[in-house]
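Visitor: Protein sequences appear in the order of chains B and S.
Take 1 as the starting number for the first sequence in this note's numbering and just add one per residue.
Take 1 as the starting number for the second sequence in this note's numbering and just add one per residue.
Please note that a few of the clues may not be correct.
The calculated lysine to any residue pairs, modelled on SDA-like cross-linking and capped at a C-alpha distance of 25 Å, are [claimed, not checked]: (1) S/K137 - B/E46; (2) S/K137 - B/E241; (3) S/K137 - B/F48; (4) S/K137 - B/G127; (5) S/K137 - B/H111; (6) S/K137 - B/E9; (7) S/K137 - B/V115.
Partner residues aside, some chain S positions facing chain B, computed with beta carbon under 8 Å [stated by the list, open to error]: (8) E6; (9) Q17; (10) V19; (11) L53; (12) F123; (13) G192.
Calculated from the structure, these hints are not laboratory results.
The beta carbon of each residue, even a glycine, is placed where N, CA and C say it ideally should be.
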Amino acid sequence: MSLTGGWIEHKVEEGASVLYLTGAWRLAHLAAIADALGSLRLRLQERFILDGSRLTALDTAAGFTLFRYLAGLGCSESMVSTRGFGPHHRQLLGLVHENMRCPPASAHSEHLGLVQRVGAGVIALAGLLRTHNAFLGAVALDTLGLARRPGRLRVRETVSQFEAVGLDAIPIVALVTFLIGVVFAYLLGVQARRYGANIFVVDGVGLAVCRELSPLLAAVIVAGRSGAAFTAQLGTMKVQEEVDAISTLGLSPIHVLVIPRLVAIVVALPLLAFVGDVAGIAGGMLVGAWQLGITPGAFIDRLHATLPVDYLIVGLAKTPVFAAVIALIACRMGLLVARDARSVGVNTTSTVVQSIVWVIVLDAVFAVLFQYLGI
Amino acid sequence: MDAALEIDGIVTRFGAQRVHDGVSFSVRRGEVVALIGGSGTGKSVLLKEIIGLVRPAAGTIRLLGSDVWRSSPEELNALRRRFGMLFQDGALFSSLTVAENIAVPFRENTDLPMDLIAPLVGFKLALVGLAADTGLKMPAQLSGGMRKRVALARALALEPEILFLDEPTSGLDPVGARAFDRLVRVLADSLGLTVFIVTHDLDTLLSIIERAIVLAGGRVIADGSVDALGKSADPWIQEYFSARAPLAGA
C-alpha cells in the first residue's frame, strides 16, 4: 500500500490490481487526487478493478482524472472493471467514459511570433485599404445621387449629428485653442522681448493659429470625440443587426447612416476651426496685454495690417477635407465591426489612430501644395 | 429528499408596478422543473432574484440551504460556486476563445494547475457534444446552438448541484432544441443535478421535465406534472395548452 493521502488504496487480489477509491472525489480535491494517483507508481497490469464502495461523492472532473490516469498507463477498456459503485456513480462513470475520447483543449490563445504578427498585420492592412476603396466608391455614388435629388437628405438626422459633432464640441475646441494661443504667444514673447520686437508676436500668433494650429487641433479633437462616437454607434448597431434591418427595409445603410454624419461633420469642422481661430487669437491677445505691453486695440490693428485674409481661408479650406476623411474612416470602421463586444473596442481605437494620422499626413500635403501654388 | 430551492412569499415592485405578489414554491433535489408563464410575467426577474442579482422587495429565497438575501457577500460567492447558470444568449466572454471561456471558472475558483485544466476543458466540451477543435474558436464564430452548448459546458465546469437555464431553447431550431433538451436530461440523470428551467416555450421541454410551475399575474397559479396541468380549469393554462394542441396533434 502506498502513501496517497487517503484518497486511494491499492491492493493486489487474485492477480488483479484493486483500486479502492476513498472519500469525496470532487473537483475541490482534484489537485490532491491527481497527486495521489501520481504517487501510486502503478505499472501496467492484466486486470484493474475499481472499487467504489468507500466513495462518499464522485463528480465528472474526478472521474475523468481517474480514467485519464488509467488511459495514460496504457489500459484498454477491457482491462478495467468496476465494482461496489452506487447506481448514480456508475451512471456518472458511464457518461465520463463515453466522452473520454477527447484530446485536451488548449485553454490558451495562440501567441504568434514576431514575423507572423508582422505578416498578419500587413495582410490585414492591405485588406482594410482595399475595402476602404470600395466603401469610398459607394459613398461617392450615394453622394452623387444626393446631388441630383437633394431632397433625399435626411435633414433631421443630419441636424442632430451636427449638434453632437459641432455645437457640443465648441467649449472644448475653444478651450484648447485658447490655451495653445496663450502658450504660443508667451514663448514667442520671451524671445521677441529680447530684441524689443514685441509687436511681431501678433504676426506669429495670427499666422500660426489661423493657418495651422486651429484647423489641426479642431480636426484632432473631432477625430477623438466624434470619430470614436461614430464607430462605436455604428458598431453597436452592427452587433444588434440594426444595420441588416436597415438593408432589409430597402434602405441603404450608407444613405441612412453615413451621409448624415459625413454632411454634419463637413459643415461642423470649418465652423469649429473658426471658433478655434478666434479663441487662439484671444489667448494671444491676453498674453500680449499682460506680458508684452500690447493693448488689445494695438493687437487688433497689427493683426489687420499683417494677417492677410488668405491665410484664414487657407486654414479653413483644409478642414472639410479633414472632416470627410474622419467621417469616412469612422463610419467604415463602424460598419466593419464583427458581432462581438471586443471588436467594437478594437475598431474604435483604430478609427482614432487612423484619422489622426491621416489628418496630419494631409496637413503636410497641403503645406507643400500651398507652397507650390504660392498661397 | 430535502429541498434544493425554497421560495416563500416573494414580492417584487418596479416603481408602481407589482411584478410578483407573493410567489411561493419549492424544488426538491434531483428534480427537473420548468417555470413557465407568458412574456412579461417576471420569470427572468425571479431567476435573477434566486441567483442573487436582483433584490426582491419582500419574501425569502433559500437556495441549497442558505438564505440568498441574508448571506454576506462571501457566503453568496461561495453559494454561487455551487450552482451553474446558463444565460439566454450564452453570455460567453467575447474576447476569449471557447476553451478559455470554459477554463475561466477553473482558473478563478480552483487552484488546479494548467496541465490539469486543459484536459478537463476538453472533456467538458465532449460532455456537451462539441468537437475539441471548437475550443480554439471565438464565440463570434459559433452558431446559436453551439454557443448554448459552450455556455452549458461553462455552467457545468464547477460541478454544480443545481443548474439554472434561462430560455434554453430560444433561438434554436426544433431539432437542435430537442437535442439540447435531451443533453440536459442525460446530464441531469447521470450527474444527479437539480435543473430549474425558465421558459415560455414548453413544447420542446415536455419530454424532459417532471413538473411545471405556472406564473401568471404575479402569483403561482398552478404547480404539477404536465398531464395534471393539461386538465387544469384555469383559463390561461387552458389557452396555453390549446394553443399548442394542433401542433401536438399534427
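Visitor: Quick check: which numbered hints come out false for this structure?
Guide: 1, 3, 6, 8, 9, 10, 11
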